[in-house]
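Peer 1: Residue numbers (this note's numbering), protein chains in the order written: chain A, 1 to 439; chain B, 1 to 439; chain C, 1 to 439.
Heads up, a few of these hints could be off.
The list treats identical chains as one, so a pair stands whether inside a single copy or across any two.
[Stated by the list, open to error] Computed list of lysine-lysine pairs in DSS-like fashion (alpha-carbon distance at most 25 angstroms, straight line):
#1 351 to 438
#2 438 to 407
#3 224 to 351
#4 300 to 351
#5 300 to 160
#6 438 to 160
#7 407 to 224
#8 299 to 160
Please keep in mind that the hints were generated in silico from the structure rather than gathered at the bench.
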Amino acid sequence: MTTIMKPFKTLTAAAALSVLPMAAFAQDAAPGFDEIGPYIMTTLLFCMAGFLVFFMAAGFAMLEGGLVRSKNVTMQMTKNIALFSIAAIMYWLVGFNTMYPGDFNGYFAIGGQTVLDAVGVSAADAALDYASVGSDFFFQLVFVAATASIVSGALAERIKLWPFLVFAIVLTGFMYPISGSWQWGGGWLSEAGFSDFAGSTVVHSVGGWAALAGAIVLGPRLGKYTDGRVNPMPGSNLALATLGTFILWLGWFGFNGGSQLAMGTVGDVSDVSRIFANTNMAAAAGAVTALILSQVMFKKPDLTMVLNGALAGLVSITAEPLAPTLFGSLWIGAVGGVIVVFTVPLLDRLKIDDVVGAIPVHLFAGIWGTIAVIFYGEASLGTQLMGIIAYGVFTFVASLIVWFILKAVMGIRVSEEDELTGLDMSELGMEAYPEFSKG
Amino acid sequence: MTTIMKPFKTLTAAAALSVLPMAAFAQDAAPGFDEIGPYIMTTLLFCMAGFLVFFMAAGFAMLEGGLVRSKNVTMQMTKNIALFSIAAIMYWLVGFNTMYPGDFNGYFAIGGQTVLDAVGVSAADAALDYASVGSDFFFQLVFVAATASIVSGALAERIKLWPFLVFAIVLTGFMYPISGSWQWGGGWLSEAGFSDFAGSTVVHSVGGWAALAGAIVLGPRLGKYTDGRVNPMPGSNLALATLGTFILWLGWFGFNGGSQLAMGTVGDVSDVSRIFANTNMAAAAGAVTALILSQVMFKKPDLTMVLNGALAGLVSITAEPLAPTLFGSLWIGAVGGVIVVFTVPLLDRLKIDDVVGAIPVHLFAGIWGTIAVIFYGEASLGTQLMGIIAYGVFTFVASLIVWFILKAVMGIRVSEEDELTGLDMSELGMEAYPEFSKG
Amino acid sequence: MTTIMKPFKTLTAAAALSVLPMAAFAQDAAPGFDEIGPYIMTTLLFCMAGFLVFFMAAGFAMLEGGLVRSKNVTMQMTKNIALFSIAAIMYWLVGFNTMYPGDFNGYFAIGGQTVLDAVGVSAADAALDYASVGSDFFFQLVFVAATASIVSGALAERIKLWPFLVFAIVLTGFMYPISGSWQWGGGWLSEAGFSDFAGSTVVHSVGGWAALAGAIVLGPRLGKYTDGRVNPMPGSNLALATLGTFILWLGWFGFNGGSQLAMGTVGDVSDVSRIFANTNMAAAAGAVTALILSQVMFKKPDLTMVLNGALAGLVSITAEPLAPTLFGSLWIGAVGGVIVVFTVPLLDRLKIDDVVGAIPVHLFAGIWGTIAVIFYGEASLGTQLMGIIAYGVFTFVASLIVWFILKAVMGIRVSEEDELTGLDMSELGMEAYPEFSKG
């Protein structure tokens, strides 16, 4: 057995210093953990919650890839990885500082590029009462990507790639950050007392409104609604859809837990754990409710309803995952499950073709969750409705305008022939499952 | 470049306070990190380990979904997401406080609903020598779900959905918490010196015993054993099964690492890391052993044996992942791999049809792991055997009774015709892979 | 509602002590958080980053399993779980202490088995200026597995299982640790000022060189290059390949973030978050660049190029993920995307058959990333080139020798008939998707 020596892996100046924290303390009388501990813990919270929410990009991709037909899977994968990448770039370029502007009139300000803390930032230069810019930026960035993912699911199987990506640019660089600034940037809705802890409205219903506008402009898939009948178009891979749902559920611990925005006190870390427990409960309640309701209403349990029920439970608790008791989270999530089971058929009756159920899950349950805040939080129903309407009107109208422009300028829908062939071969020339013959 | 301002995302009173920790300290002379640091770190440990173990639900779903035939995949997905959700609700309703009762005779106490710490709990009101209730509840909850997942794998492809879920209610709300209280609730086995660090027996063999009882009552799949021959029924998606195994392996770092139950001292955090290293080693050894043994015994390496070998290695080290050296973990895990390769065929010889190998992996390797504690831990063989037998008798008998009642009251097995058709179409009316024609 | 009592789950002496940290402090005048905080945070960083990088094993398996044809998927799964397990054992047996030797001439030292810190190590015995041995070992171990995974992708669909695994033994136990010691073990390259923060060269190009040597010795798949034409052999499951890419992207936050090697100061935790943001940006830029380039060059967006573009972006930023600005990370990652799009066809022109594009992604982008350090780091071009060449010559030559020996001694390639049949049936007798008939 040899002696084990500490590896010295990096040789940058910053890292070299960093492995000698105590020496540094001795020299500089650097601040102790009572001062820097909260900053370290909150920065860690954002990193950890951030990677969990990042992974939701995979969750959305798998959920949507599992719920579309196999001839459109490659396209769905391409859209999802591309929209995440675009969101990452746009949010750096303009989004983050638009959403969290330094000097703000409460309604609108366009920000510039994000600038991180200096390498090896000193305690004196860091925001010791909060967290590092890098961690905050990363955490906020993965939220905006979730919003765009919601849209990609609803519009699957008939939208062209590039117009969709242009919409993603506008949504992630401008629409989401502008409306987000009203609440999380300290703008007028925040001033008015609107309450949306982790984004039932700010993130989920915004994605849902954008998707709804797109679904209306785009129209339903060929053959979806014929002679007054709704023709089911079953998803090609329910194992994948289930995996996606579990990944989203996992990511939601970061989504809601990280939104505590602090982890360095007894109260904060306990609240983060409280949020974990509540979030899990709401998801479970949504799933069980959808399971039972689908048995009662359709005489057969419906897996896709159960998956969407879990997600609706998660969206429902997102506006206030901290204040409710576990029982509160249970019934709030359960109502989310009810909403999904009743509104998925409703959309079909309106001939709005939402391929994966994104609008019921993210928009309808998002509205519900925002209202439910009044039962446990401190917001009033009037204020909550005002916020819901403000986000709805802005996002829906802005989205409609963008979709119409895109339709006029470059067209947003593939040709009938291409749609029947499937987007994978017609648009991309590459099948997702080239060897599995189609039944 | 604009100035970046700290976002103020939430406006709840608790959060507003929480972003000013130092100010709060100054005002209240609040306790410093020497006092609250361990609480914060341990609460974080439970949150982190909790989400890792949560993800094991996806791991079980993918493993089992990959090892059943494609006509039963939707059902397997439905069962797995439903059982997790049921476990979450039952463990809140009664399980957690049954398992960790306040006032306890050492054998049996039924608890009430779980109540979390107050929002923004103060240091004075928190269990500073441990962790927040929310984090502890969440961490324990995901364990019980693992137990139920073990059962779902063994009984796949012929059990009805609803009786299975009723069993899951009983298992997660009552059976597991009652027997769990004997050890982890400070009951009679804990008093007697039984040692099971993270649950080779308390979690895994309990799941295995429940599965064994179910497999016996349920009987084998149609055509599995005919004319004295064992007919292989190959899994439909080994990529998915491999993914599931990797996810379980990942989750096990939380399963075993979190069971250190503390992370706020040098010794504790080092022990957590020691457990990570040992857990990984046991899994690796189990996989390599099964690989080599399957080559030697069957002349062909067998991927499903390798996957189950890794899992058996993990189960084997779960009763004592801290004390062994890395070499100790290697040989303990390797024996787990041996057990799988020899007992999978054994069960078939007994005509006990365990679809995914759950009984060899979780029960047999779980027994082995519990015995192996004597080589590195402080427990005696007698005490370990007593614990193994106590859990076995209680869980097996209670499970048998529940399965027989379910069989008598609602029937537990689908009709022959439905089984041949597959549960997806007959019970759920929804195929997992509707477009991939069956060979 | 019953009173909730703190569970006492384990009864080992260490754990029993650990739940009373404050009492322990009182008795021993143990060091406070100012002294032990950095150790705790860094040990946690390694555990957390370690499980993220561990999960990259699943990412590689899914990526490679999705990009091979369905007749070779079981083999690809077997190789990937086996190589990880072998790496875990070899790195314990000899690798870790070879790479981080205690007494070192700067070029070569063979280490013995890894020995972890004692259970419940005291602050006095721990490396308070760094982290626990267990966490460090675990973190380094998952890196070496990544190197071996790179090789498995490139050589897929025609290499025999056992010679591949023998190569993995040599690579993970000897080649990687020896060359790794030159830089991260404090050897001659580190002395010379070579800079490779998280391993564009030390990990990725090493894997790439080993793969290149193997691809040359092994030769292309049957029918890949005929009559001067390159015949596409499309991957069987692009949903799986996309999942794998997202998992790798997720794991990379641990890969690069953990390589900060410290998290217990304001500067360090901020740097970790800075690395997260930069890593994400480089991946996004690589993906978008490959998307646009594939549209421009091939007239159709190419999902496999987008996936490899993201990965190339990640590899490119790995040599210096800390120092660049977000814009720097963007263009460094974008160049990675360009490299992939141009060099994948180049390899085909050279008739080097790299099934998944591992050589462009890990070797070519790895070289680029190592050079790019000069724009933001402190290294000189000459030193960087010296390091690149040193790793290239050593790894390529050593790999060639090992591959030739394996070829001579046991043969490395399956028979033509077996290759046409597919390795799953011929070598393993087990199909990955037995029910999905092949188109």
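Peer 1: Now tell me if each hint is right for this structure.
Peer 2: A quick look at each hint next to the structure:
1. 351 to 438: neither (27 angstroms within a copy, 33 angstroms between copies)
2. 438 to 407: neither (32 angstroms within a copy, 39 angstroms between copies)
3. 224 to 351: within (8 angstroms within a copy, 47 angstroms between copies)
4. 300 to 351: within (24 angstroms within a copy, 32 angstroms between copies)
5. 300 to 160: Between. Shortest inter-copy distance 12 angstroms satisfies the 25 angstroms Cα cut-off; intra-copy 35 angstroms does not.
6. 438 to 160: within (23 angstroms within a copy, 29 angstroms between copies)
7. 407 to 224: Result: close within a single copy only, 21 angstroms intra versus 42 angstroms inter.
8. 299 to 160: between (37 angstroms within a copy, 14 angstroms between copies)
When the structure is compared with the earlier hints, violations turn up for hints 1 and 2 and for no others.
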